[in-house]
Structure formats: structure tokens, C-alpha cells
Amino acid sequence: MPWFLSSMAASPSASNDPALRGAWLAALLAFGVYLYRNGLVVWPYLFTTGGDFANYHRAAAAVLQGESPFTCAAFDYPPLVALLMLPLASLPLDAARVAWFLASHLCLLGAAALLWRPLGRDRAALLALAALWALAGTVQENLALGQIQPLLLLLLAFAFREDSGHPGRSAAALGLAAGLKVWPGLLLFADLEPRRLRALLFGLGIAALAVALPLLTLLTCCAPPHLPTSTDYWMGTPAALNFSLPALAVRLTYPVSADSLLPADWQAGNSPEGFHLAPWRRGLSVAVSLATLAAGLLAISRVYRRRDRLYVLAALVALATLASPISWYHYQVFQLPGLALLGAAYSRRRAWWPLAGLAVLAAGLTREEVRNFLWGSGETANVLATGAVVAALNVLLIVLLLRGMKGGEPGPPARAPIPLSEPGAS
401 MPWFLSSMAA SPSASNDPAL RGAWLAALLA FGVYLYRNGL VVWPYLFTTG
451 GDFANYHRAA AAVLQGESPF TCAAFDYPPL VALLMLPLAS LPLDAARVAW
501 FLASHLCLLG AAALLWRPLG RDRAALLALA ALWALAGTVQ ENLALGQIQP
551 LLLLLLAFAF REDSGHPGRS AAALGLAAGL KVWPGLLLFA DLEPRRLRAL
601 LFGLGIAALA VALPLLTLLT CCAPPHLPTS TDYWMGTPAA LNFSLPALAV
651 RLTYPVSADS LLPADWQAGN SPEGFHLAPW RRGLSVAVSL ATLAAGLLAI
701 SRVYRRRDRL YVLAALVALA TLASPISWYH YQVFQLPGLA LLGAAYSRRR
751 AWWPLAGLAV LAAGLTREEV RNFLWGSGET ANVLATGAVV AALNVLLIVL
801 LLRGMKGGEP GPPARAPIPL SEPGAS
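At position 57 of the sequence shown the residue is numbered 457 (this note's numbering), and the sequence of numbers has no breaks.
Do not take every clue at face value.
With a Cα cut of at most 20 Å, we get these calculated EDC-like pairs of lysine to aspartate or glutamate [as the list claims (entries may be wrong)]: (1) 581 - 476; (2) 581 - 632; (3) 806 - 593; (4) 581 - 673; (5) 581 - 779.
Between beta-carbon pairs, the in silico distance windows are [what the hints assert, rightly or not]: (6) 796 - 439: 57 to 67 Å; (7) 652 - 473: 28 to 38 Å; (8) 473 - 498: 18 to 28 Å; (9) 670 - 796: 41 to 51 Å; (10) 448 - 595: 47 to 57 Å; (11) 594 - 698: 11 to 21 Å; (12) 448 - 487: 20 to 30 Å; (13) 595 - 441: 40 to 50 Å; (14) 473 - 421: 49 to 59 Å; (15) 466 - 439: 11 to 21 Å; (16) 789 - 616: 17 to 27 Å; (17) 779 - 757: 20 to 30 Å; (18) 626 - 490: 38 to 48 Å.
Simulated from the structure, these hints should not be mistaken for laboratory data.
Think of the CB as a built atom: it goes at the ideal place given N, C-alpha and C, for glycine as much as any other residue.
Can you build the whole structure from these sequences, using the hints too?
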């Protein structure tokens, strides 16, 4: 990958060690796969469908005209997202799509670059990151839809790459991410200890400002509505591509028809402007979400140790993905840092069978075609089975990360055992 190649060129050890040369060649090959799968394959979709980005673009264009972004019924994001897209709002949709596509690539590649050091800055971390970024199907999905997730992944990488002397920087990244999508605020749980109280308060303050200032801007400059018009949608949906535990619980309340056709709510459940879940089902979704969060936070707190902060953050991401009332397929891109953390740890101790099992787990979480091949799609029973298996994979990932916190897996080394660059060259 390009940010590593400059370090390689400056490193005599990288050019003299055959093992390192092999690692760099593998990373370069992975970068070529990344460019093909996430560049050439995705490129035509930018001009055939607006994807989710079209909603961002319409919302930002409305703000430029003095209207509320929420006049676009399909826009149900915090207002910061619309304000962030203002520089692209005056461009035609196709041009704006291309600009955001390129910016998203910079975010994705920047996230991998930032994660390299906290994951160990060694060959194992390099290969784990290269493999996941090249092969994870969820990356392609996010780019094709024009989703905001690449930017959120970059902010998450900043949180992983914390400078021990400046813990507030990590908290600030999480607070800003919470302003874009509320759930990253859960990751501030990692700062819930006396020594990090100032960082926690700082992160909460940034999150509050990231929500309040854009809202104040809308109140000042735009006509109503100033809030999303379909907030009950946030409380849960049984849509087929919602892979959270609350979604699975809600689906189980629907009868399985003899013709195996999906219930209407499962088909229309990804449309915020036209879908409304029954109140008792919303209540069930929220109850399952809160119970899952409580159980997960309790498990994490019981094994939490300060030196395991990377594992804590990764486990909290997996927990949020499992417990959120809405957890679309493309949200699994946030699992990549945790998967890379475990993959690098297994690789360092040459635990090949656990590494192979982790690869299967990663494929099940991040590649839609794998799920469709194994469990089918389009029928009620298959959607139920797929949701159950993906939820189980999420639980398994949390268990593996908890095991890492308990000392069952080695964490990133304090110094890379085989340096890939001269000190200070990164």
C-alpha cells in the first residue's frame, strides 16, 4: 500500500530481509486487489445509482437553499452529516459522487495507515490490514452506496492510535464520530476510569457540540423541520439486511408463511419515510438492545485492564454492531480493526488454525456472497437463519476479543519485533 512503500524505500532492513520483502510484495499485491475490487468494480455504480449518497447530497443542497435537510424524507442522520456535505452540494450528483468516492478511499486507506502502529507496526499487522482491506466485501458495499462509514472508520482509527500523553485526542475523535452517527459514543466507555476522567468529559463535550452546533445552525438558518421526521425507524426494523440481535428478535414475532415469501415489513423495512413498526415491536427491539448492551458492558468491565484498550475498543464496536436496533450489512466495516488486531496476534504466535477460523468468521461477517451461498436469501426461513448466524458470529468475535483482554492472546508488541522502517520514518 502506498503509505508503506515510502517507508520501505527508506528502510535498509526492509530491502535486505527476504521475509520482509515477501511481506511488502504481498501487501503490494493486496493493494492491487483493493484497487480492482473497490475501484474498478465500484466505479460504474457511481453513475447508475445515487445510492445513500444521493440522500446526503439532496439534504446538503436543501441547506444551501435555506431549507431543512430533513425535507428529504430519506435523510435520517444527525444534521452534522448534511453540513459536512455542503462543499459537494453545488456539484451535479455524478460529480459529487466521484468526489466523495475519492475522499472515501482516502479515509479507508488513511484508517489502515493509522492502525498499523497501534496494531504492532510489524509484518503481522501489515499483512492482517492488507488482507482485510483487500478482501472484505463490506468495503465495496460502502463505496458503492457512498456511505459515511469510511469517514467514521478513519475517526475510529484515530481512537485506536492514541498517544498515551494525549488521551483527549482519542476521546475527541470518538465524540466527533458520535456527532455523525450516535452509536460511536458507546466507545467512550473505554475512558470510564478515574485516570481518564478528563478525556471522557472532553469526548462527551465534543459529542455534545457535534450535535448541538449543527442543530443550532439549522434552527438559525433553515425552516422546519429541524429533526428527522421518522425517528421511530431508529428503534428497530426487521428488514432483511439488518443484522442486529434486536432485528432477529423482532423477526421472530412474524409468522412464517407457507409460500416462504418475506413479510411486507421485512421488504419495506429499509425505507425510513414509509415504514413504521408497530409500537409493541419497537418496544421489544429497544428492550433487546438495552439488555444486550448491559450484558456486553458487564462482560467487558469484568475483564477490563488499562493495557488492553485496543481490545476494549474493538469489543465495544462489535457490541454496538450486535446491539443496535439498526445494524445494516455495511456497518460490518467497523469490525475490520478488531479483526486485524486478532489476526496480527494469531499470526505472531503462528496459531494457524485460529487464524483460519478467524478468516472464516471475517468472511461470514463482511462478505454478503458467502452468507448467500451458505444460507440462501429471499425466503423467510433463510433470512431468519442468516440473521441468527451473523449475530452468532458477532458474539463469537466479542468472546475472542474478551479472551484477548484476559491475556489469552498477545497484544501488539511495545516495539515491532521486525521493524519495517527506520525510527521516526512513519
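Going down the list of hints, with the structure as the test:
1. 581 - 476: OK: residue 581 and residue 476 at ~10 Å, within 20 Å.
2. 581 - 632: Roughly 16 Å separates the two Cα atoms, so the pair holds.
3. 806 - 593: holds (18 Å)
4. 581 - 673: Holds, at about 19 Å.
5. 581 - 779: With Cα atoms ~31 Å apart, residue 581 and residue 779 exceed 20 Å; violated.
6. 796 - 439: 57 to 67 Å: violated (32 Å)
7. 652 - 473: 28 to 38 Å: The hinted range 28 to 38 Å holds for residue 652 and residue 473, with Cβ atoms some 29 Å apart.
8. 473 - 498: 18 to 28 Å: holds (26 Å)
9. 670 - 796: 41 to 51 Å: violated (26 Å)
10. 448 - 595: 47 to 57 Å: Distance hint for residue 448, residue 595 holds at roughly 52 Å.
11. 594 - 698: 11 to 21 Å: Holds, since residue 594 and residue 698 (Cβ atoms, about 19 Å apart) stay within the stated range.
12. 448 - 487: 20 to 30 Å: Holds, since residue 448 and residue 487 (Cβ atoms, about 24 Å apart) stay within the stated range.
13. 595 - 441: 40 to 50 Å: holds (46 Å)
14. 473 - 421: 49 to 59 Å: holds (55 Å)
15. 466 - 439: 11 to 21 Å: Since the Cβ atoms of residue 466 and residue 439 sit about 37 Å apart, the hinted range of 11 to 21 Å is violated.
16. 789 - 616: 17 to 27 Å: violated (44 Å)
17. 779 - 757: 20 to 30 Å: holds (28 Å)
18. 626 - 490: 38 to 48 Å: Violated: the Cβ-Cβ distance is about 23 Å, outside 38 to 48 Å.
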